[in-house]
Amino acid sequence: MTGTQESEYDAIVIGSGITGGWAAKELTEKGLRTLMIERGREVVHGKDYTMEHKSTWEMPLRNARLSPDKQGAEDYQVQARTGQFRESTKQFFTKDTKHPYEEVKPFTWVQGDQVGGKSLIWGRQVYRWSDLDFEANAKEGIGVDWPIRYKDIAPWYSYVERHVGVSGEKLGLPQLPDGEFLPPMQMNAGEKHVKAGIERRFKERRVTIGRVAILTANHKGRAACHYCGPCERGCSTGSYFSTQASTLPPAMATGRLTVLPDSIVHSIVYDPKSHRVAGVRVVDTRTKATREYKAKVVFLCASTLGSARILLNSKSSTFPNGLANSSGVVGHYLMDHHFRAGATGRIEGLADHYYQGNRPNGIYIPRFRNLGDVATKQPFARGFGYQGSAARAGWGRGTSGPGLGVQLKRKLHDAGDWTMGITGFGECLPREDNKVTLSERTDEFGIPILRIDCSWGPNEMAMRKDMRQSAIDMLEAAGLKSVVGTDDYKEGGLGAEPGLGIHEMGTARMGRDPKTSAVNGFCQAHDVPNLFVTDGSVMASASCVNPLRGGPTQEEEHLMDRRDFLKVSGAAGLATMWGSSLACAHSTAAAGAANPALIPGGFTLAQVGLQLYTVRDAMSKDVDGTLASVAGAGYHLVETAGLYQRPAADLRALFDKHGIRTVSGHYPLVDLEASPETVFTTAKTLGQEYVVVPFLDPSLRTAETFGSLPSRLNKLGEAAHGAGLKLAYHNHDFEFQKYGGTTTVMERLLANTDPTLVSFELDGYWAFKAGTAPADLVARYPGRFALLHLKDSTAAPEKAFADVGHGVIDFRRFIAAAQRNGLKYAFVERDVAPDPIASIKASHDYLASVLPA
Amino acid sequence: MSQGNDITRREAVARTALILGGTLAASSLSGVRGSAWARAAAPDWRAGTLDPDQSELVATIAEHIIPATDTPGARAAGVHRFVDVMLSNYYKEGERKQFLDGLAQLDARARKELGASFVKATPAKQLALLTAIDAESYPSPRVLEKAEPLNSERARMRDSLARQSSTGPTVSDPTRPSADGGGGETARREAERGWFFRRMKELTLLGYYTSEAGAMTELKVNPMGVYRGDIPYRSVGHSWA
Chain A
346 MTGTQESEYD AIVIGSGITG GWAAKELTEK GLRTLMIERG REVVHGKDYT MEHKSTWEMP
406 LRNARLSPDK QGAEDYQVQA RTGQFRESTK QFFTKDTKHP YEEVKPFTWV QGDQVGGKSL
466 IWGRQVYRWS DLDFEANAKE GIGVDWPIRY KDIAPWYSYV ERHVGVSGEK LGLPQLPDGE
526 FLPPMQMNAG EKHVKAGIER RFKERRVTIG RVAILTANHK GRAACHYCGP CERGCSTGSY
586 FSTQASTLPP AMATGRLTVL PDSIVHSIVY DPKSHRVAGV RVVDTRTKAT REYKAKVVFL
646 CASTLGSARI LLNSKSSTFP NGLANSSGVV GHYLMDHHFR AGATGRIEGL ADHYYQGNRP
706 NGIYIPRFRN LGDVATKQPF ARGFGYQGSA ARAGWGRGTS GPGLGVQLKR KLHDAGDWTM
766 GITGFGECLP REDNKVTLSE RTDEFGIPIL RIDCSWGPNE MAMRKDMRQS AIDMLEAAGL
826 KSVVGTDDYK EGGLGAEPGL GIHEMGTARM GRDPKTSAVN GFCQAHDVPN LFVTDGSVMA
886 SASCVNPLRG GPTQEEEHLM DRRDFLKVSG AAGLATMWGS SLACAHSTAA AGAANPALIP
946 GGFTLAQVGL QLYTVRDAMS KDVDGTLASV AGAGYHLVET AGLYQRPAAD LRALFDKHGI
1006 RTVSGHYPLV DLEASPETVF TTAKTLGQEY VVVPFLDPSL RTAETFGSLP SRLNKLGEAA
1066 HGAGLKLAYH NHDFEFQKYG GTTTVMERLL ANTDPTLVSF ELDGYWAFKA GTAPADLVAR
1126 YPGRFALLHL KDSTAAPEKA FADVGHGVID FRRFIAAAQR NGLKYAFVER DVAPDPIASI
1186 KASHDYLASV LPA
Chain B
-7 MSQGNDITRR EAVARTALIL GGTLAASSLS GVRGSAWARA AAPDWRAGTL DPDQSELVAT
53 IAEHIIPATD TPGARAAGVH RFVDVMLSNY YKEGERKQFL DGLAQLDARA RKELGASFVK
113 ATPAKQLALL TAIDAESYPS PRVLEKAEPL NSERARMRDS LARQSSTGPT VSDPTRPSAD
173 GGGGETARRE AERGWFFRRM KELTLLGYYT SEAGAMTELK VNPMGVYRGD IPYRSVGHSW
233 A
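Residue numbers (our numbering), protein chains in the order written: chain A, 346 to 1198; chain B, -7 to 233.
Chain A extracted, bound-state conformation:
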């Protein structure tokens, strides 16, 4: 993936799944040179989705489910227990013979074994937790109290949702908070019918479309879902969230990420002198060679069970029971969601209704038990929600009874009955005796394997009865016929055993007290200040909702802000995690909520940079000295405009020296069209994400130019995309004229360029000068303006340049609107200034007063 591996990094991320990808993105974007270690093979976005869009007849077994008793499942005896293990998805599951474990009681451990981990094959349902979840342990005296509450994590949910892209419907329910949703997917006729029936009979229950990390609109360079159906084969348009589609590209774009596949972590190395971890010990899975990598901070994102295994195997004289395990809780309190209890039934009266397209989603019925009032109180603790879907039977029904020949063929030509099924997903309580330990046996890499001892308890079993009966009651209330209740659980057997939910949680739980928990409210190990565990293992309870959430850590924010690893111990983090709608406080976000002067939303000062054009004269004389002044004025992010007769690598070195990174650069259209590869190489050498067309010479501003420009930008955008970059167009005032068209050039550029290929850098000043309020423009074209230029205008009729916040443009409204509509970076610029350094300082000071740090 990236060049040769050095042995020392700023940060190491163990695992490349949902949380590892998030950690890598956040760390690298904050300037840390990061190594991401993955035990499985490389999977390249697009290229390695070899089964995507394959027709059934192109597969020898017609996409058969590979159950344990069939050929092809010999090495996958656990993975094959799940319905997801098929001819088309087999390549994304681990071989159980390669990564074995022991089951004391039946426990199905589903594992990925590739870059991207299970983010490639996950169910994509994402729900926010509420304080009903965060307060449950404390109120009921079960487990340990969460050290965080909903208000702490809410801004981070938003941050993550805005990046991931989550579609769904807002309901206003306290137990299932709304998020920042893309438009919801549609329900089908059967589901609408059942929804109406349930909501008529049970006033407090709601049926909604699933909230999924699947795009229903183009989003951040990723395309809207095209409804091919089986996401789990991989999606080359990046329409569902995976590491490959969503977190890896920005991390790679920083030029600071090294991905190390085929490398399994044996243990984390602890240095008793410094009381910190020094690095990790890794086994190459192909050669079995062992190697150590060092880093100043380690993020453990290897999955709930994988991370527990690594901690338990990282023994030292200080931590004889495993790293960061002075409390003894590591490996205990394993949880999963229990499901496969519900009901199915036949819907009548919809014979003339059907659907088209393959929707990778179903319906959701939010929790309605034990909401804190008398009416919803149950004899068991906690609650459950339902997932489900309706469909018409197809040709498969021909196998259920006698019949053959022309008559059978005619019958199967028509769609069959509508049926609807729902299954509960229930919360599981944390129990100390649900645990994992290290076995005496080792795997082929010499690492002790896990011994898993986990079962459902009386509370789960009592809840399942209600999950089944309530499902029957609701489907019958909706008028369905032949309603049948189901519960797949079998005492001591396979069917609905723990693990099948694939929502493992809890083996390194979070808490306030180091004696009873492994990590603090920021996912930082109580015992080891530079070790962070940011996956499902930190969950102190399980909730009943599908648990995904990632976010940057406050730890990471601190590293970014201070670049001071020695102060890691004082840092607090917001977790990036699978298995968690983890709520973590974030000081700056909290400050944002508390200070009404701040611009609402997740856009921060860290995303504000400087367009170096502002200081071009000084740069042309003294790059080193000018960059020192730029950094001194508070800027650690810049957009370039020229290279000052230096090789890009030299310029990059100077940026690095001053703690400055560049994410965008201006490159003349003529250069881009003459030699795109040269420009792209320069941009990538500099570590940039965006190449921006800055300006059209007056001689070029003709009707012909503006007629051809959209397609030329599309072409350049496609080439940039192919090179791992993004293209943007930066405006002045002339684009707000019509040049012979019926609409302005700006409107034509926005309408006729492909949103997935061409972004825009809105210069708010020039728009304002041309008579257009920049806030209105970004709101009118959501998702198109990833970049902004910030400079103010005087009130004088000639609208002269002014420092940001010192003129008449409403930047609060402008930035708030832009950040709601896909803003990534904003650059201060003042084309002409008497004292550029004083000017950029004044602009920065203003922005620091209205943006969270």
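Please note that the accuracy of each hint is not assured.
[Said to hold, decoys possible] Each computed DSSO-like pair below joins lysine-lysine, with the alpha-carbon atoms no more than 30 Å apart: (1) B/Lys84 x A/Lys443; (2) A/Lys435 x B/Lys112; (3) B/Lys89 x A/Lys415.
Calculated from the structure, these hints are not laboratory results. Keep in mind that this is a model prediction, so the values were computed, not measured.
Chain B: place on chain A using the hints.
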């Protein structure tokens, strides 16, 4: 991580509409035909398990289950070759042997009742025999459920259907291996009687409706592109494959 392999949604849809779309020009299929279907139809195709007589027997039975009408039948769709692939590369020895035994028993019954091997009998006699076997092969659903606890082709297809019709969360995975030994001995024997023909019909339907002929000519694959949750059935007029 190279992003060079990204394709836009428009391209993806254009590319795959060729494969899955509802309206296809014959010429646009030529690119697709180079694949598995063509291989299955190739004259040099060789069976892995079935000998030529067995293969012909399977093809003949399958064609009775799904005959050619104004659209291709099971034989033209290569169902017998699909059955051979499943016997060779999917079922293990036990099930494979049980299936081959079932074939032999059916042929023996043909010789006894029709006075000729099955393939030599007249089509009318073949159909009469299969109709009788079909009627005998389906005990009550309750008995079947007990005897073949959810690990059968039938259940597998139910699962497959649920996924194909709506790839949302499945209510339960009916195809998991079951620790349940099933119902009593009587039920097992009753179910055992029809095992071969049920399996044969399951394989025929699976092989036919997942073939290019079955999925694109007889039916149509539910196309990608957009999702419409509630459209008149009349506007489609057939089941999605």
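Violated hints - listed by number, lowest first: 2
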